[in-house]
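Using the hints, position chain P against chain A.
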Amino acid sequence: MAAVASRTAGLLRLRAAGAERRWCGPRCAGLVQGFLPPGGEGAAQKRRVAHFTFQPDPESLQYGQTQKMNLFQSITSALDNSLAKDPTAVIFGEDVAFGGVFRCTVGLRDKYGKDRVFNTPLCEQGIVGFGIGIAVTGATAIAEIQFADYIFPAFDQIVNEAAKYRYRSGDLFNCGSLTIRAPWGCVGHGALYHSQSPEAFFAHCPGIKVVIPRSPFQAKGLLLSCIEDKNPCIFFEPKILYRAAVEQVPVEPYKIPLSQAEVIQEGSDVTLVAWGTQVHVIREVASMAREKLGVSCEIIDLRTIVPWDVDTVCKEECFLNLEAPISRVCGYDTPFPHIFEPFYIPDKWKCYDALRKMINY
Amino acid sequence: MRKMLAAVSRVLAGAAQKPASRVLIASRNFANDATFEIKRCDLHRLEEGPPVTTVLTREDGLKYYRMMQTVRRMELKADQLYKQKIIRGFCHLCDGQEACCVGLEAGINPTDHLITAYRAHGFTFTRGLPVRTILAELTGRRGGCAKGKGGSMHMYAKNFYGGNGIVGAQVPLGAGIALACKYNGKDEVCLTLYGDGAANQGQIFEAYNMAALWKLPCIFICENNRYGMGTSVERAAASTDYYKRGDFIPGLRVDGMDILCVREATKFAAAYCRSGKGPILMELQTYRYHGHSMSDPGVSYRTREEIQEVRSKSDPIMLLKDRMVNSNLASVEELKEIDVEVRKEIEDAAQFATADPEPPLEELGYHIYSSDPPFEVRGANQWIKFKSVS
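Chains as they are written, first to last, in the UniProt record's numbering: chain A, 1 to 361; chain P, 1 to 390.
Isolated chain A, as found in the complex:
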């Protein structure tokens, strides 16, 4: 269906039969309020709490000294490292010069000059096409699309030009040093055009890589990998995490390999796969499942959407070994709504509900 783009996604899969304990009724009735449809009077109440809680990973000590950073600061740090190491690297996009609408490029223009960090006019197709041109000559181009919802005028450039350049020129030319960054995902009040998750549109395009981090530490490592990767990459940054996610992030550059999923939590009964913000939602679902159903969940952060890590996700010949069909939990098959957003997003209750139905399949 056409609305594939607007989902923040998660996947549930039952691997082996687990405990069959039934769910004993809503113990936390207060939290179920999220499901209740708006009634008459009193329905016009203020909302709303975020649908997830960011869970930071333990500090990684293998890359040297760390500093407390939120997501946009970790992006700035990655871009800073890139511009310092690679003299051909340039950053461009709408409003990046003063620091960007989400402050991801703050301070970079002052530090590296207006030749290397500059604004473009309002033209996404032009921005990406222009970026492909820079990359073809060998310079490193880091293009910013202001919101992932606006990436569609550039879709032709990405899919028809960037993705196929190396293939159609028989490896004579390539635009591998192009990285496109865009804020991604729902934020609570973004409505139709500031909330979309369009990674699915690019997931079927060979030639490009699509990466989505779940946290500041992951973001910096993955972004640096994208920039140095010799293939055009699209890096989607969950905008709701820009300020909400705070972690200890190494100051020095480091890389996290692409096309490698990460098993965040081991488990034996159900596998939960997600990316971006949704990883934090299913972490909560997993602990709810352990508490209430006695079910042990494995959590996998996919990280790279395409080319994706088939081996980690399907360790065995999983299709014949599944105890229940794979369940997809995502946004509704509608455009991203304005007023209905709290009902649209796949929050932990919907994921938990799906998990419960799978266990009892």
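It should be emphasised that the hints constitute simulated quantities derived from the structure, not laboratory data.
All residues carry an ideal CB built from backbone N, CA and C; glycine is no exception.
One or more of the hints may lead you astray.
Which chain A residues face chain P? A few, computed with CB under 7 Å, are given here [what the hints assert, rightly or not]: (1) Phe340; (2) Pro346; (3) Arg356; (4) Lys357; (5) Asn360.
What follows is a list of derived Cβ distance ranges for each label pair [said to hold, decoys possible]: (6) A/Thr88 with P/Phe205: 45 to 55 Å; (7) P/Pro130 with A/Phe155: 53 to 63 Å; (8) P/Asn109 with A/Ser169: 53 to 63 Å.
Frame of chain A; chain P shown alone:
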């Protein structure tokens, strides 16, 4: 005798309570109309432009004043409701640009068509929707013009095609509407608006080419408020003469803060299109007092002095008011009374918008496709289903 005195004093007391303005109006004679001089428009590929003098009748003057004041107060009320978090999401206000929406409407017929981008509340009103449905749409309630499902950027009315979020995407649409006008042969035109930021989008030029090639009755209008979000026009455009950007399409540059100038230019442009000569381009030089949207304070890329200067020298409502008062078309008190009435209307509308219930959850899946019979929409997981009715 005492009874008579009591009666007289009652009458006098009653008379004293009547608003002074009404007593004054009764005793003053206003002019029926007045002639004003307006700025000459800069022309591109045109021999003549709109006239430099125009006649404003008292009736029209009061109507324009009321409409502009309503738009102004509605936008300020939206600002207030947003800060109280009753309106959420994105909200782009057009106060300062009232002369554009009211002036354009004054120059066309209700059967003509109009399409614009996201700064659309003023146009929604001038195209005929009452303020309460606009405010209710902003608050996302079922009384809203899009049933609460669209929000600020997606308001529609008869012959008003929104309300579009993606910058520049509405311009090829406008050219298409103009094609339909030409095809239907009803002598209608389509006003296709976009901003100074959108003027640099590729699809605008595609639309110019199609409209000129097929001589479509399309008036392209660039509302140049000098800033594309936070980027000033000098930093975004190689050529800031937006009225010339149509190249082979004739253009005029209009003072967008003067409603009479806008009206005359629109009439001129509409007549040009209706005569079958093809598209024409208008650049309205205007200004917005608020930032780009409610999350933009609007002072990091321009000075408060600049905003203040425009407010004191070129405010469209002030300009109209001064003209009317100085030419004896209306009195200050009469206009003040209109202010009071408008304020009340907006208050009532805001009350409605705050109290109206939100749309029912069942409507989440409605109107995705046109479908008969209704079909099921997949929810967040495969066990949640919603009905889609259209």
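Violated hints, by number in ascending order, as checked against the structure: Hint check: 3, 5, 6 and 7 fail, others pass.
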